[in-house]
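Q: In case you want the letters, here they are:
Number of protein chains: 2
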Amino acid sequence: METDSLYLRLAAHYRRAILGGVLAPGDRLPSVRSLMQSHHVSLSTAVQACRRLEEEGLVEARPRSGYFVLRPRRPVLAPVREPDVSRTPDPAQYVGIHDRVSAFIARCEAMGSGSNFAMAAPPAEFFPVEALKQAMMRALRRHPEMLCSRVPPQGHPALRSVLARRALEIGVQAHPDEVIVTHGCIEALNLALRAVARPGDTIAVESPTYFGLLQVLESLGMRALEVPTRPQHGMSVDALDLALQAYPDIRAVVTIPNHHNPLGCVMPDAEKARLVALCERRGVALIEDDTYGALGDAGPPPALKAWDTTGNVIYCASMHKTLAPGMRLGWMLGGRWSRRIEMLKFAQTRPNEPLAQAAVADYMGSKSYDRHLARLRVRVRNQREEMADAIARHFPEGTRLNAPSGGMLLWVELPAGTSGTGVFERALRDGVRVAPGAMFSNSDRYDHFLRVSCAEDYTAATARAVRLLADAVAAEVPRTARAAA
Amino acid sequence: METDSLYLRLAAHYRRAILGGVLAPGDRLPSVRSLMQSHHVSLSTAVQACRRLEEEGLVEARPRSGYFVLRPRRPVLAPVREPDVSRTPDPAQYVGIHDRVSAFIARCEAMGSGSNFAMAAPPAEFFPVEALKQAMMRALRRHPEMLCSRVPPQGHPALRSVLARRALEIGVQAHPDEVIVTHGCIEALNLALRAVARPGDTIAVESPTYFGLLQVLESLGMRALEVPTRPQHGMSVDALDLALQAYPDIRAVVTIPNHHNPLGCVMPDAEKARLVALCERRGVALIEDDTYGALGDAGPPPALKAWDTTGNVIYCASMHKTLAPGMRLGWMLGGRWSRRIEMLKFAQTRPNEPLAQAAVADYMGSKSYDRHLARLRVRVRNQREEMADAIARHFPEGTRLNAPSGGMLLWVELPAGTSGTGVFERALRDGVRVAPGAMFSNSDRYDHFLRVSCAEDYTAATARAVRLLADAVAAEVPRTARAAA
Ligand SMILES: Cc1ncc(COP(=O)(O)O)c(C=O)c1O
Ligand SMILES: Cc1ncc(COP(=O)(O)O)c(C=O)c1O
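Protein chains in written order, with the numbering used here: chain A, 1 to 485; chain B, 1 to 485.
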């Protein structure tokens, strides 16, 4: 018994070193002899520890040379469970979503440092800070009077042109004049919703969905109807069809078709086409939030807007995740509501200030932007895969996980009955921030979920934090579930 | 008869030169002899022309030296007529105000160049472009990562501190944490209204008032109740009291107490105190738009907020008129609705990007800002006075005008029955832009008014444009009024 726990502890010590990157793939594990000396253990304990690591697939024995660290094998977790798409959704309007969400956010903010798996945007060093700074300087030198002149109506022409040109990549034909530049995607969502619906109206959204959207709806006095959403395919078009029949007061559908927040999934093309056609047929506006599309591993998936032939789709996007969170830029195509959206934009914040737009147009119109995007995609993919591996390795049995093909979000289904909020609290005490499933719905349906974001470089500290998080999950798994496992 | 019109034409020629600034105060008029030679007129015609100018107070005869140009005497116009404050206002909700206003604006925009008496903000050269550029450069060099980092919650601390310190000048005690930085005063007004009222609610506003406010109300689905407003004292507190009794569904009062747009007037302190007390007593939120306060000739008049002891006043202001129209910055103090406003700001556009805030904090915290403001005030006052003189001199009899003590707006009451919109159309054809009274109310009550803005330097071109405008007015005065005059 004594020795048993001793070899396990020794194995755990080296496991940490391997997973934390202290020992890299190809490195030699200390020899059995030196393990005996360093750790004051018997020969059998040292050998048992090495064998254990070998069983775990972390090291391999090479004849006459000792144990060598392996490139970690990817353990595969079962995907997140499918929802029942035949149930008619119930319009839960949780009026306190803002308070709930901001309480979570405030507690994370308060922590200041430490690993942050709650934050869904990469840190500044992932972005072309220097190039953007230079672009800003150039714009300032060329047109300093922009700072003190009246803003031109409807956004900066150069930026509108660049965005219209970039939209071609996602299958969208838009004239620069149709592009409306906004203060982030969040303003675009506000304007879109205000253009097509009024307070008291019902809006169909995915379940789960981005908490910021739920806050917007709450702040506008609109009711969110959560439509069953398939964790690998996005909003169920069949379930939406049922909902539209059951609730004729639905004015709009808001969806995040590409690298969904929090699911990470991309809606398949065929479903996109069906969704666009359904909304058109039923006379319900379709609002598309394409915040993460550009972070697809293989480039941006097509927008819903690409299937829109009648102007029924309002396209909203952001420069937050791909370029410059600190510039608060977003943009939109208003479809048949363009004029009304321009009116609302003018009455809400006036056109955006031109300086930042000029600088971003300059950068986004250059080849550097493409190179930056390519690098960012690789980096984000690597981090996501490291994180998925670590979760698969360390989270308790019964954990489920999707494998998104882009973006930086992992949606983790915890063993039945495990409280994500409990995990959030525990992990916070250990200095690790994560987003509990409860943030992503007005209902309690996702309490046993976590959204784990991998926005930061995957370092030894990250590896340690994932293990702390895994421990927090393990501690929250209910006894009954543990017994069953 | 022949000679009569000849001396009049000669006098008019030199009148133009004097009013247009070609001949400045103190300059000598050409001698009678040289007038005879240059213009091929008789001695008597030359002398009659000089006497005429003397009668008009434009030149004085000095013994043995000739005629000298005088500093123009200010002809005094009767002030704009008082409204009937005892009538109960009728809640006219003109649902097309945005279309009406934007049609006017679009027609002005289309003109591009020429004198612009429709624009209520000075051109770029009135502002510290170079200093702001340098401040932006410094902020970029010091903290380029701001461009690409998540925005800190609730605005930049340095700017919030500077604004809280500056608020002391207008009698307001505010902690920096209370300051909410916004995208212009227009976003502040949106947030304030959304915080205290809902679509369908009635909001009391001045009559006339800033068309932008009417657009905001329309876009939010709120109903504007126009309260009689005294052209020299602002909203009638007595009339408001009547209105609050007659319409118990009034949720808020929005007022521009300092250098009102379009009236130019400042509400007297005693009225400010009464207004704050009345709203508090009746449980109606008081929203203060202090966009022009800082342009008072003698510095900013106190804010309504200075009398607020219970948090019932929401203060909204702008950096648009005093510093940097192109940066789209504004700010507000939310009083007892602070938390709700922060929530709405977060859900509407998120906190403002930090770079511009850092730069503006840098500049506004410096002595240069005070020097700039002092210069701007003098410049704006001079322009306003030149313009008031020119209107008094050239507009037809029956014109009325206030004499504001700050700001750049003149509210001109035309002779009875004269269509301001007709004047707008006529003047536009002559390349002169002006804001017709119809823009400032949901009713037709101000059709015989013009708002003449004097945001630009008063040059010979300005003088010419005023006279074209005066001609347009004269042409629109109805025959009946002309006959009566
Ligand atoms: C799906 C989604 N939409 C919108 C937003 C907000 O975008 P922005 O920061 O551009 O306002 C976010 C930010 O996290 C998001 O995840
Ligand atoms: C009285 C008044 N309030 C608000 C505004 C809008 O301010 P901002 O440009 O800061 O949004 C204006 C602009 O002309 C104004 O005159």
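For the record, the hints were derived by calculation from the structure and aren't laboratory data. Quick reminder that beta carbons are idealized off the backbone N, C-alpha and C, glycines included. Keep in mind that a hint or two might mislead.
[To be verified] Chain A is faced by these chain B residues, among others (derived, beta-carbon under 10 Å):
hint, residue
1, V32
2, R150
3, N190
4, S219
5, Q348
6, Y446
Q: Given B/N190 was flagged as interface, is its beta-carbon under 10 Å from a beta-carbon of chain A?
A: Constraint on B/N190 satisfied, holds at 5 Å.
Q: Checking hints one by one. Is B/Q348 an interface residue toward chain A, by the C-beta closer than 10 Å rule?
A: 5 Å, holds
Q: Double-check B/V32 for me: the hint is only fine if its C-beta lies closer than 10 Å to a C-beta in chain A.
A: B/V32 check fails; min Cβ-Cβ to chain A is 48 Å, beyond 10 Å.
Q: Is the hint on B/R150 kept, meaning its closest Cβ partner in chain A is under 10 Å away?
A: 5 Å, holds
Q: Using 10 Å as the Cβ threshold, decide whether B/Y446 counts as touching chain A.
A: 21 Å, violated
Q: How about B/S219: closest beta carbon in chain A under 10 Å, or not?
A: 4 Å, holds
Hint compliance for this structure: hints 1, 6 are not met, and every other hint is.
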